[in-house]
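A.B. asks: Sequence:
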Amino acid sequence: MNKDQVEGKLKDVSGRVERQVGEWTGDEEKQGHGAMKQVEGKVQKAWGDLKDAGKKASDRTHAKEPAENESSAEMEEEEKDETRRKAS
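The number in this note's numbering is simply the position in the sequence shown, starting from 1, with 674 added.
I should point out that these hints are in silico values taken from the structure, not numbers from a laboratory.
Treat the hints loosely; a few may be bogus.
Said to hold, decoys possible - Heads up, simulated DSS-like pairs for lysine-lysine below, C-alpha to C-alpha not over 27 angstroms straight-line:
hint, residue 1, residue 2
1, Lys760, Lys719
2, Lys738, Lys685
3, Lys677, Lys760
4, Lys683, Lys719
5, Lys730, Lys716
6, Lys729, Lys716
7, Lys730, Lys754
8, Lys760, Lys711
9, Lys725, Lys711
10, Lys738, Lys725
11, Lys719, Lys685
12, Lys704, Lys719
13, Lys738, Lys704
14, Lys754, Lys677
15, Lys730, Lys719
16, Lys683, Lys729
17, Lys760, Lys730
18, Lys754, Lys685
19, Lys685, Lys725
20, Lys754, Lys683
21, Lys683, Lys738
22, Lys719, Lys729
23, Lys677, Lys730
24, Lys704, Lys716
25, Lys685, Lys704
26, Lys738, Lys754
27, Lys760, Lys738
28, Lys730, Lys704
29, Lys704, Lys754
30, Lys711, Lys677
Every value quoted in this text rests on a predicted model; they were computed, and no experiment measured them.
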């Protein structure tokens with residue numbers, strides 16, 4: 675969980691509370707402000723979710739990459755050579 679996810683969720687919850695208080699008291703301005711805060715929080719959390727998903731995908735990709743000193747072509751050649759040795 676990253677900073678945007680946490681802050682977004684907090685804004686969403688506090689906006690929901692403010693909107694509800696506005697409804698109970700009949701304060702339309704407070705209702706509107708709370709609703710805007712809720713939307714802002716949902717957007718920020720969604721942005722945090724997207725960043726988190728990107729980081730996880732990047733981590734998975736980097737874990738599958740060959741060592742820095744070996745290219746993919748070199749690795750394929752080594753695999754072919756090993757397969758030939760086993761077949762002989």
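A.B. asks: Look at each hint and say if it fits the structure.
C.D. replies: Hint check:
1. Lys760 - Lys719: The hint is violated at about 53 angstroms.
2. Lys738 - Lys685: Violated - the C-alpha atoms of Lys685 and Lys738 are around 37 angstroms apart, more than 27 angstroms.
3. Lys677 - Lys760: Judged against 27 angstroms, a Cα distance of about 52 angstroms means the pair is violated.
4. Lys683 - Lys719: Since the Cα atoms of Lys683 and Lys719 sit roughly 6 angstroms apart, the hinted pair holds (cutoff 27 angstroms).
5. Lys730 - Lys716: Holds: Lys730 and Lys716 sit about 21 angstroms apart, inside 27 angstroms.
6. Lys729 - Lys716: 20 angstroms, holds
7. Lys730 - Lys754: 32 angstroms, violated
8. Lys760 - Lys711: 65 angstroms, violated
9. Lys725 - Lys711: With Cα atoms ~21 angstroms apart, Lys725 and Lys711 stay inside 27 angstroms; holds.
10. Lys738 - Lys725: 20 angstroms, holds
11. Lys719 - Lys685: The given pair, whose Cα atoms are some 9 angstroms apart, holds under the 27 angstroms limit.
12. Lys704 - Lys719: Cα-Cα ~22 angstroms, so holds.
13. Lys738 - Lys704: Not satisfied, since the Cα-Cα distance of roughly 51 angstroms exceeds 27 angstroms.
14. Lys754 - Lys677: 47 angstroms, violated
15. Lys730 - Lys719: 16 angstroms, holds
16. Lys683 - Lys729: Roughly 20 angstroms separates the two Cα atoms, so the pair holds.
17. Lys760 - Lys730: Given that 27 angstroms is the threshold and the Cα spacing comes to 37 angstroms, the pair is violated.
18. Lys754 - Lys685: 56 angstroms, violated
19. Lys685 - Lys725: 18 angstroms, holds
20. Lys754 - Lys683: Roughly 52 angstroms between the alpha carbons, so the hint for Lys754 and Lys683 is violated.
21. Lys683 - Lys738: Given pair Lys683, Lys738 is violated - Cα atoms ~33 angstroms apart, limit 27 angstroms.
22. Lys719 - Lys729: 15 angstroms, holds
23. Lys677 - Lys730: Holds, because 16 angstroms separates the two Cα atoms, which is no more than 27 angstroms.
24. Lys704 - Lys716: Answer holds: Lys704 to Lys716 is near 18 angstroms, not above 27 angstroms.
25. Lys685 - Lys704: Measuring from Cα to Cα gives roughly 15 angstroms; hence the hint holds.
26. Lys738 - Lys754: Between Lys738 and Lys754 the Cα gap is close to 19 angstroms, so the pair holds against 27 angstroms.
27. Lys760 - Lys738: Holds: Lys760 and Lys738 sit about 25 angstroms apart, inside 27 angstroms.
28. Lys730 - Lys704: 39 angstroms, violated
29. Lys704 - Lys754: 69 angstroms, violated
30. Lys711 - Lys677: Judged against 27 angstroms, a Cα distance of about 17 angstroms means the pair holds.
When each numbered hint is compared with the structure, violations occur for hints 1, 2, 3, 7, 8, 13, 14, 17, 18, 20, 21, 28 and 29.
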